[in-house]
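Hints are included, so try docking the two chains, each in its own frame, into the full complex.
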Amino acid sequence: MASFEERPVRLWQGGIETEIEIGGSGPPLVYFHGPWGLRHDRAFIASLAATHRVYAPKHPGTGRTDHEAAHKIDNWLDLMVYYDELLDVLGLERVALVGHSFGGLVAAELAATFRARAARLVLIDPVGLWRDDLPVTNWMVLEEGKRLRALFADPAGAAAKRFSVPPDDAAARVAAQVEFVWAQACTGKLVWPIPDKGLKKHLHRVAAPTLIIWGKEDGIINRAYAGEFASRIAGSRVELVDGAAHMPHLEAPETVARLVRGFLEG
Amino acid sequence: MKVCMFHLMPYRDLPADFTQRYNSAYIDPGWFDVADADKVGQYYNWTLDEMVYAAKAGMHGLCTNQHHQNVYGFMANPSLMGATLAKLTQGQDVAIIQIGSTLPSTSPPTRVAEEYAMIDCISGGRLVAGFPTGLPTDATISNGVVPIDQRERFREALSLVVKAWSSKETFAWNGKHYQLPMVNLWPRPIQQPHPPIWIPGSGISSTAEYVVERDDCFCSLNYFGIRNAEAVGDRFWELVDKKGRDTNPFRFSFLQLIGVSETDAEHEEYARHAEYFFHNLLSTPSYYQAIPGCIEYDALQLAMQNPARAVNLRSLSYKDLVDRGFVITGSPKRVREQLLDGVKRLRLGHLLALLHFGSMPTELCRKNIDLFCREVLPYIEDLWDDEWEDRWWPERLRQKRKVAAMAGAAAS
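Protein sequence lines correspond, in order, to chains X and G. Be aware that the first sequence starts at 884, since it is given in my numbering, and climbs by one per residue. Be aware that the second sequence starts at 3, since it is given in my numbering, and climbs by one per residue.
Zero decoy hints are in this set.
These stretches of chain G come out as covered by chain X in the derived footprint (C-beta under 8 Å, 3 or more residues):
#1 140–150
#2 286–292
#3 301–311
Sample of chain X residues with no beta-carbon within 10 Å of chain G, all distances over it, derived:
#4 Ser886
#5 Gly909
#6 Val972
The hints are simulated quantities; they were obtained by calculation from the structure and are not laboratory data. For each residue, glycine too, the CB sits at the ideal point set by N, CA and C.
Isolated chain G, as found in the complex (with noise of 0.2 Å):
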C-alpha cells in the first residue's frame, strides 16, 4: 500500500480564548484579532519543510489541499505549494499528490488543468491529480459559486480538464457554465491521457458513485478515525461491486491523525495538539457546512430521513479522542496494530497520514515522522502489492518501486 504524508497548514498559535471568540474556524475569525503574518509565513515555510522531511523519511506521497477563509488550513492555492515540493523533491521516489484545486472555483477550469500540468513537468511525472468539489464554504461563501451549481460545474470542468490534457486536436468547449473558443493547453502533462485522478468525498453519495463509476480514486476525507469508517468502508465496496468494477484496494484512500511516540505512555504529548485541532480548527457550525444546494436533492432527503446526531467535538476531552478512535497515538507496536487492523477492514490501497495536526511544533512533527516512517511504515507498506498493482499512482513510480523491490529481493 501506499502512506502519503498529508498537511492541512493550520494556524499553529491560536489564542487561548478562541473558542469562547468564535463559533467557527471558518470565514468568522478576524485575521487582524488573530493572526500574524510573520507567523503564517513561518507556517508555510515550517510544513514545506515538514513535507520535504517526510519525503526523505520514506513516505510514498506528498498531499497539499486547498481552503479559504478559515484558521483550520489555508493553502489557498496548493499549486505554489504542490510547485514548491516538486522541485524540493527532484530526483526523489515521492508523488506529488494535490487534493487539490477546487475545480468548481477555479475559472476558467483549464487554469487547474495548467498548473496540474506545471506540477507534473516539473516533477517528472509524480503528480497524482486530486480534484475536491470544494467545501460548501470555500466554493460558494469565499469564491462565490452558485451553491446548486457546485457539483455540475465540477463534472464539467473535470471533463474539459481531461481533455484540454490529452486532445491532439484544438477544440472549442460549449459547455452550460464555461466557454472557451480555442482550447490547446500548454503544457500537457508527462502522463497522458492524464496523471491518476483522485475525487475526495465525505461520505458515500453521489459523488462516490460518480467516482466509481469513472474508475478514478475515491479518498475518503473526514477525520473521524478508520475504526469509525466501518460502514464508509462496506458502502464503498458494495458501489464498486454494483458498479462492476474489481475490488482493487488502491481505488479507495482514507485520512487518518497519527501521532507516534516512543512508548505508549508518552502518548499524552500529542494531547493538546489533537484537542487544538478538534476543538478549535474542526469545528464549523451547520449552517456553514449545510448552504442550500450544495447538498444535491436525494442526498438532501436522505439526510433529513436519517438526520446525523450531531457531536459536540469542543466537548470532547483528548481521552475521548483517543477512545472513540478519531486519533491514533502510542507507541509504534500500538499505531502500526490499529492502523493494520482498520486498513485491511477497509480494504484501503492508499492511507493518508496527518502527522501534523493542530498547533504541533514543528519538532514535535519531524520525531512523529521519524518514528512513523521508521517503525510503523515498514510494516504496512507491503500490504496488497503482491495480489494488485497501484493503477491510481503515477507511472514511473510505479516501475521505480518495482525495480527497488527487486533489487532489495536480489541483496537479500
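Just chain X, with the same shape it has in the complex (with noise of 0.2 Å):
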C-alpha cells in the first residue's frame, strides 16, 4: 500500500496553514473528504493511491493545526476562491475531483466554477441539492444509534465499528473525538442549516465527465438524489452500491475503489 507524507501549506495570504496528505503515484487525483474527518476515509485513499497520485485536503479548520481556520473562510466564493489557490499551489492545473458527502459538493462546485480545471469529477453520495419531498437527514444533529443507521446498510457491520469505536490509546481517543466533533462544525459552517446553498444553480456549467456513485440505503441524502445530480449534469452516469448507504467508500471500498478506478481510467 502506497505511504502517504503530509505536505504543509499555508495559504489565505498567509492566514490559513493546512496539511495535504499525498500519496502513490500515477495520474493526479483530489480527494475532498466528508464531514466527519479525513481520518476515516485513509484506507480508501491508499487504494486509490496504488494507481494515481491522491492529494487530499483538509477542509478549513479540520487540520492537525490550524483550528480556528474555518472563521476565515466565510462563504462558498471564498472556499472556491481558497481551493483555487490550493491547487495552484500543488501545481495541479487540470486534475481529476473526487469527493465524498460535503466533500462531493465542494468537488462538485469546483467544477462547475472553475471548468477546465476539473479533468473528471467523480461524486460519491454528494450533498448540495434539496428536495421537499425528501428532505436531507441533518447529520450534525443525530443521535448515536440513528446516526449509525443513517451513514451504514449494516450500523452493526465491520465498517460501522471502525467508523463509531474509539482508538484504545486514551490520547488518540481524545484526538478521534475531537477531530469527529470539529470537521462537522468546520464543515458544517457552509452548509448549515439546509445544505442547498446554490448547487442547483451551478451544477449545469460542469462539463468534465462525470460519475455519480450512490449508496443504495443511504439514509442521509435518499438515493433518488442521484438522478436529481444526474440530470444537472450532461452526459453524467450514475452507479449505485448495494450493502452501503451514506459511506459506500467505507462500506464497499473494493467497489467504490474499482468504480473509480475504471472511470478514470477509461
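This is how it looks when you write it as C-alpha cells:
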C-alpha cells in the first residue's frame, strides 16, 4: 500500500495553515473528505493511491494545526477561491476531482466554477441539493444509533464499528473524538442549517465527465438524489452500490475503488 | 446582596406519560399533542402576576429569559414580558432583569438594543441588560444560526449594541456578521453609557473569561444547586484574580431552585413540582446540547479529556434532588441556613431565586414568594452591602436603597 506524506501548506495570504496528505503514483486526483474528517477515509484513498497520485486536503479548520481556519472562510466564494489557490500551490492545473458527501459538494462546485480545472469528476453520495419531499437528514444533530443507521447499511458491521469505536489509546481517542466533532463544525459552517446553498444554480456548468456513486440505502441523502445530480450534469453516469448507505467507500471500498479507477482510466 | 425572582414560564400541565412519549423537552414535543393555547395564555398571565407579586413582596429584581420550541420555558421574546413588567411595577424599587434576549439569533442585534432601551425608558432606568449567547438548540435549530458562528456573532453583536446605545455620532457598522449603514438608535437607554450588563454561562469557560475581561457580571445558570457549585465558584474567583479584577461579590450571580414551607415537615408539597422540573423540563439529550461548533475548539478538547459523568435526571426522586442539593426546600430556617452557607461560600452578590418551578400552581408559588420574602430575604439581603457597592445594578435603584437604609437607621 502506498505510503502518504503530509505536506504543510500556508494559504490565504498566510492566514491559513493546513496539511495535504499526498501519496501514490500515477495520474493525479484530488480527494475531498466528508463532514467527519479525513481520518475515516485514509484506507480508501490509500487504495486509490495504488494507481493514482492522491492529494487529500483537509477542509479549513479540520487539520491538525490551524483549528480556527474555518472562521476565515465565510462563504462558498471564499471556499472556491481557497481551493483554487490550493490547486495552484500543488501545481495541479487540471486534475480529477473526487469527493464524498460534503466533499462531493465541494468537488461539484469547483467543477462548475473552474470548469477547466476538472479533468473528471467523481461524486460519492454528495450533498448540496434539496427536495422538500425527501429532506436531507441533518447529520450534525443525530443520536449515535440513528447516525449509524443513516450512514451504514449494516450499522453493526465492521465498517460501522471502525467508524464509531474510538481508538484504545487515551490520547488518540481524545484526538479522534475532537476531530469527529470539529470536522462537522467546520464543514457545517457552509451548509448549516439546510445544505442547499446554490449548487442547483451552478451544476449545469460542469463540463467534466462525471461519475455519480450512491449507496443504495443512504439514510442521509436518499439515492433519488443521484438522479437529481445526473439530470443536471450532461453525460454523467450513476452507479448504485449494494450493501452501502451514505458511506459506500467504507462499507464497499473495493467496489467503489474499482468504479472510480475504471472511470478515471476509461 | 440582591435577591431576584427568576421565572422560566414552563408548560405546567404536561401529560403524565410525557417522559415515555418524548426523550427531550426541546424540539420534539408536538404542540398539538401536548399543549393548549388557552392554557398557555393563562400561564403567561400567571407568570406576570407572580413576578409582580414577588416585586411587591420585596424581591430586588425580576428576571425574564428567552427560549424557543420547548416545554421548559417559552418566553420567546423576553422583551414582551420585560416591557409588561416595567409598566406593572412603575414607581417600584425593583430591577427589570432581561437575561435575556439572545443576540446571535436576533438580526440585526440593534433590534435588541432598541427593545432594551425602550424597557429602560419605560421603567425609568431600572433595566439590567442581560445577554445570553443562547442554548445551542435555541440559536442553531430554532433560529438557524451557524453553530461555529454563534460566539463570534455574540461578541460582535454586543460590541455593536453597546456602541449603538452611547455613540454621540451616527456611525456605520462594517462588521463580519453585521453591516449597517447609519446607526443612530432611537431611543437610547436612560442609563448611560449603558445599563449594567449581565452575561450568563453554564460553566467557567471562555464566556466567563470574556465577562471578567469586560468587567460585566457573570451569571452561573445551572440547575444543580449552590451546594454543588463550589468548584464553579472557586474557578470563577481564580479567574477574577488572574485578570486582576477586584473581589466584589456583585460580579457573580447564581440561580437556585427554592421552595419554602411553614415547617420542615411540609416540604413535600414541592416534591412533584421538583420532579416534574427535572424529569420533564430539564431533560434534553446530548445531541441537542452538544451540536458541533457550539463548543469552541479548546473547550471541546477539555470536555473530551475530562468527560462529565452524565446524570440521568429522570432517575432521580425528589428525595435525591433534595439530598444532592439540586433544590433547597423546607422551613424558612432551613432554607436561609442553606442559602447563607452557600452564598458566603461562593461569594455571591446576586441570588436568582427560582421560586416557581415545574408544574407549581400559582397559589403555591405565591405562598413560596410570601414565605421567602418574609422569612428568608431579610436575613440574607444585607450581606456584602457594607463592604461593596453593586456596580452591576441600576444606579437609580442603588441610590434609592441607600436612602431607604438611612431612613431605616434614623427610625431605629
